[in-house]
Amino acid sequence: MNNELYEILRYGILGGSILLILIGLYAALTKRSLIKIIIGLSIVDGGIHLLLIGIGYVKNGTAPIFSPGFENSTANMVDPVPQALVLTAIVIGFAVTAVALSLVIRLYRHHNTLEIDEIKNLKW
Amino acid sequence: MVGSPVLLIAIPLLAAFLIPLIGMIWKESVRLIPGLVLAFMLVSSASMLLYVTNNSTIIETIAGWQAPWGINLVFSPLTGFLATLMIFLGFIVWLFSYRFKRNVDFEPAKKYFIFLMMLVAGAVGIVITGDIFNQFVFIEITSISAYALTAFYTGRNSAEASFKYLLMGSLSSSALLIAIAIIYSQLGTLNMADIADKMYLMPTGYKITALIFFFMGIGIEAEIFPLNGWAPDAYTEAPGPIGAAFAGIVVKAGVYAMIRLVFTLFDIPNSMQFLVVIGLVTLIVAETSAIKQDKLKRMLAYSSIGQMGLVFVAFGIGTAEGVFAALFLMLNHAIIKPLLFLSGSYLVFNSKEKKISEVNGLGKHMPITSLLFALGAFAIVGLPPFSGFWSKLSVLTAAANEGMILIIALVLIVSVVEIVYYFRVVNRIYFFEKSDNVVVQKPRINAMIAMLILGSIILVIGFDPDIVSIYLHKASHDLMNTREYIDNVLSIGQSLTK
Amino acid sequence: MEMIYLILVLFLGGAVLTWLLGKISPIIRDILFISSVIIPTVLFFMNVEVGHDVSFQVLGYKLSWGISYLAYLFSYIVLGLGSLASVYAVAAMKGKKNLGFFYSNFILSIMSMMGILLSRDLISFFIFWEIMTWSSYLMVVFRGKDVQKVGIKYFVFSAIGAYAMLMAIVIVNSLTNSLLISDLVSSFGSFSLSMKWLIPLLLLIGFAVKSAMMPLHVWAPGAYSNSPMAFTSMFSGALSKMGVYGMIIVMVSLVSYIPNGFWLKETIAWLGGITAVGGTLWAVAQDDAKKLLAYSSVAQLGYIIVGIGIGTPLAMLSALFMAVMHAIFKGNLFLVVGAIERQTGTSNLTEVSGLIRKMPWTFISALFSIIALAGIPPLGGFVGKWMLYESLIGSNHYLLVIVVFFSSTAAFLYSYKFLFGFFLGQEEKEWSHIKEAPAMMVVPMMILAVATFVLGTFPGLVLNPIDNGLQELGFASTQGRYWEMSALFNEWGNQVMLQPLVYAIIAVFLFFAAFLTIKGFKHTRYVTTKDISSSGEVPKEHENLTFSQNFFQPFLRAVEPFMKRRIDTYYSGIGNGLEAIFDFTRRIYTGNGQTYALYAVIFIVVLLMFKNALFGL
Amino acid sequence: MKKLIVILLLAVTGYFMVISFMDLGKDGPVVKNGVKDFYLDKTVSELKVANTITSIVVNFRGFDTLGEVTVLFLAATALGGILYKKRHHVGERSVLFPSSTIVKAGSKLLFPAIILLGVYVFVHGHLSPGGGFQGGTIIATGFLLMLLAYDNFSVSHKVLSYIESFAGIFFVLFGLSGMFMGKTFLENFMPVGNLNDLFSGGIIPIIYILVGFKVAAELTGLIYTVLNEKE
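As given, the protein sequences belong to chains A, B, C and D, one line each in that order. Residue numbering for the first sequence follows the working numbering, beginning at 1 and increasing consecutively. Residue numbering for the second sequence follows the working numbering, beginning at 1 and increasing consecutively. Residue numbering for the third sequence follows the working numbering, beginning at 1 and increasing consecutively. Residue numbering for the fourth sequence follows the working numbering, beginning at 1 and increasing consecutively.
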């Protein structure tokens, strides 16, 4: 892979992750439906996971898996740690989303609406 | 070695997985096992605390890999002190809610106790872990338990409170992940001691950006000002004992994470001033918001936030004295605020709205509970000879020694506000006539014991604060000595920077 | 065990036991109560000596307890009045609810006052000060009347004062690294100029609140009249003296060393003078005896503050003497009102009259105290006031003399109103069943009445300890020559015994009184208020024609312009305004989860911008 | 109005993020010889695990995984708690219209294959890309497919919770047995074997299989709970 392509790919990953974070935040901050807010938060999570992967990327990197015959070639392996972290973060994000959705079901039962502006019995 | 810190995490996890199984056979076990686990944790943690106070810090490696590579648990005087405090409160909350309401079914009750136990385990994990990503995982464990506990009662607006909490908590975990990503990308390590050791290598711009994202992530847990909108709702709608657990356990863990960052990880002097400013803003906004509340628990929640602001101010003073004062404040707040929440939840037990006006004249009908509430109110506003006074005095002394006279004045003015709203409630309890439609609920014996334990601690610390000061001194020394922390953790393996 | 510890522990234990064991039976409770006041009192006077300090460490702060001569003087007030009031309280409060709570707070407040006097360092001083505040607060709200208004006002003002003090204390600690009062006094000279002003000012705010000085007095009337009278006697008599005690120490030991501190003294003196006038005028306007006495207390404390503010040895002597006298006669007057309220059910001067025949002993003790209050010889009030005038004139405060003199003359009006309203005037049928208060109440009142007489005749009894106290503060010893300091006594020379003269006057007075009484005995006719045979009008049934109705209307009309604006309204305006602001600011918690998320984003954006500004990219 | 503010804020945030994140990790960490080299080294030499990510997830940072499994367990429990009703209607799933026969038949056909794939993925977690989480998720997808296709397809909650609990308990017990054998928590105490053998890596594959079971059960339970929610 030549240098230019590598740069473009890297910028693509990082820029994409930032874009995802911003899109997610926009959804979470402006959409009025609870479901959409949760989707927004999930997008933010996705962006951050991409960011984590992006920082571990190295030029001409290969997956950090030692295939038979290549046991000693650690030189170009991408950083495995962010990948492990992302694995954990994805599961946690999933768990939080599940809880959030269940709360939305409860809220819908109670308020009969999904508009976040109308769910503010608790204030001040 | 007197014990193993990892058991403080592993045993509750084991129990949490076991309870659904045993609960199918023996129903009482779902209440009993968490108590036993918490008692075990308390004994183990307390004995380790005694050990580390007199000897060296306990460092436990996990999976056999030494400090910078594997995850390790650090049981130092500071973390041990906080962990013991949290476990103790968890035990008190368990004792209080051992039999909470008759109309709660078996299934929710089972989950309640699992979550309570995991809340404590998660908070203890936050405190004793030595790895920054591991801390993130424990924060999530604590948060999910907290969301579930907030939404425990189906009849109220609890889902709304829980959703707000979750919304903020979700942002918090995003911010934490970004911060962790920045740190890892620069330093290539996740171990706190290792990060602290190498922090000077990090470019200032990244350092501060990371710190800012950490502030946001942990600030949400630690309830600093613009990020604490969820807190009053969650405190109000959660079951009474859980409000106590939030005030005593969850927030303390957040505060710990924050100070660990500021004191150990990042060597940015301005962050101390930031702590002072943000603490003062939190203190003022929260206390002034509390004065016009008409719901008891909400008032207590705002007061709790305000106290956390004061804790941050005390930490922000930045001297060993300031840290001592802040830890003392945390200890007192962790004892007093749960007492207020627990006794307060009995005072408004049968009421639907949980209004302050419904506690009128209960002093005659539930004398001990009211007395304990009044004791808590007296202590939290810092009236001698109760424990709150000593911590407030320590904070002010520490601030005065640094010449922060304006801060002293502000803190004291806010204290007057605090006095106003607490005494309004106490007056209502004792000197008003009870209205007829309020049904008095006598506390159960286990709840009474739990509250009396807390009340007696307030008195004991109030009359002899030196009982705890040795641990606090050790802990503040521990926090101030970053180098010692790094050496302790990293000495068992060789440092990566050759 | 050190005697000081023992005394405080006995008080504390007594308070707890009275509350806990008091639930078993009232008799045990009463006995416990009285004995836990009396036993430590006896122990104190028998065993505690000046100059024997004990010290110990708490949280690294060095605390020290002991007693000074000045404090010893005040402990006479606290323990003497405390014992008498406690005996009185047992009888007066009989049958009321929640007595265990009342008694234990009573003991606690005595303990805290003793603690204040025993403290040789600022922290224990503050601790006991706060215990005194909240135990007295619980007494103020004890009857459940006006709790949120009067009680909160009292506590807020006390807290402001106490926190001002606390601020001074921690600053002192940071400057001298010690909390001992003696260290503060000795190193005060080395403080920077701003600290020299700040520390005494903050301390004075704390003491001024308790001694009800002018702009900080607004809690006093409500609090004094709201608590049970047995305690108000302590409250006004002894508790407010703690402020005086602190103020004396600050004024003499600290303010004297401030460059140009002279102005502070003048200001304090003038504030005292204004307090005296304002208190007196308001007292005249009251119809409720409790309120009347409460305002009168404020006024009397004003005189004391004038004395402290002037700061000459004679003024100090007079201030301290007046402090003792005020404790005795005002304590007694509150007891009198308590007795009347207990027997008749009201303390309103316009509702009850002609009690002189029903409650003669009460009348006599009230008479003594009122005479002392008004400053008429031969009772104790006169000595103090005379010395005050003299010190004012001696230090060229002529304007202040006029103010004080005006106020003390106006004090005659309310003294008269009090005495006349309750005891003289026509007798109503509906009050005919009233009897004298029980002996346990009358005896303490009579003891106090006799004390006013004794101290008026033998002022040296108190002036000796005062002299010791003043020496301790750094004034030259008068070596027993009090008479020489005051021109009054100089007139008759040092050798002339004052007592025979006084007795002669009294004998003549009594003789004439007896003569007139016997002479007029046959012709006396007792009428009710409705029996106005001399005038042509026929009163309606419900018209209130008591003698004290609309007392002093012309005078009040004359001073009305001065009394229009009450400081109270300003304070409540500030309070309400603040609460409105707080109510507004808490609306940032909008209740919308999305807004909270927005705050979080704003938070991070602001911080990132700060980062950019401070550190660059 | 609100949207404008948000866009403005996000623009600022985006600007800051771009200027501070775009160069993240460009030349690798400032500190060379970060933990990753150690991991890459030890994975082969000591643990004999081919997939470095697996070795990190299960061994080096195994404690995180334990926490993560707990998070999942808590989420499943929380879901049950939050959606708890006094009278629980099991099996009355709201179905707008039944699936077609093709979908039903196809699902039935695919289901075993999906399960098999999932099992393969988590059994070979230490050798090839994938592992317990991935495999568990794949298995859960199979159940999701069946639940969507057949409105009367039901999963036993009891069995799920047995699997969840036992998998969790064994995870912790494996960790603790490391301690009892005189080593540390979660440390490998079994023979590691040879690199790229199926039976290699000591306890790593065992734990990952446990994780796979747990995740599969947890996710299936989550899906099932939500699907059975009326309204």
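Honestly, the hints are just simulated from the structure, not real lab data. Each residue gets a CB set at the ideal place from its N, CA and C atoms; glycine is no exception. Hints are not guaranteed to be accurate.
As the list claims (entries may be wrong) - Which residues of chain C face chain A? A partial, calculated answer using Cβ under 8 Å: (1) 357; (2) 360; (3) 572; (4) 573; (5) 575; (6) 585; (7) 586; (8) 589; (9) 594; (10) 598.
Said to hold, decoys possible - Keeping only pairs whose Cα atoms sit at most 30 Å apart, straight-line, the calculated DSS-like set for lysine-lysine is: (11) A:120 to D:85; (12) B:295 to C:94; (13) A:59 to D:85; (14) A:36 to D:42; (15) B:364 to A:120; (16) C:149 to B:292; (17) C:145 to B:352; (18) C:62 to C:145; (19) B:364 to C:519; (20) A:123 to D:2; (21) B:442 to C:62; (22) B:364 to B:442; (23) D:2 to B:292; (24) B:434 to A:123; (25) B:295 to C:23; (26) B:295 to B:434; (27) B:364 to C:94; (28) D:108 to B:295; (29) B:364 to C:358.
*List of violated hint numbers, smallest to largest*: Result: hints 1, 2, 3, 4, 5, 6, 12, 13, 14, 15, 18, 19, 21, 25, 28 and 29 break, sorted rising.
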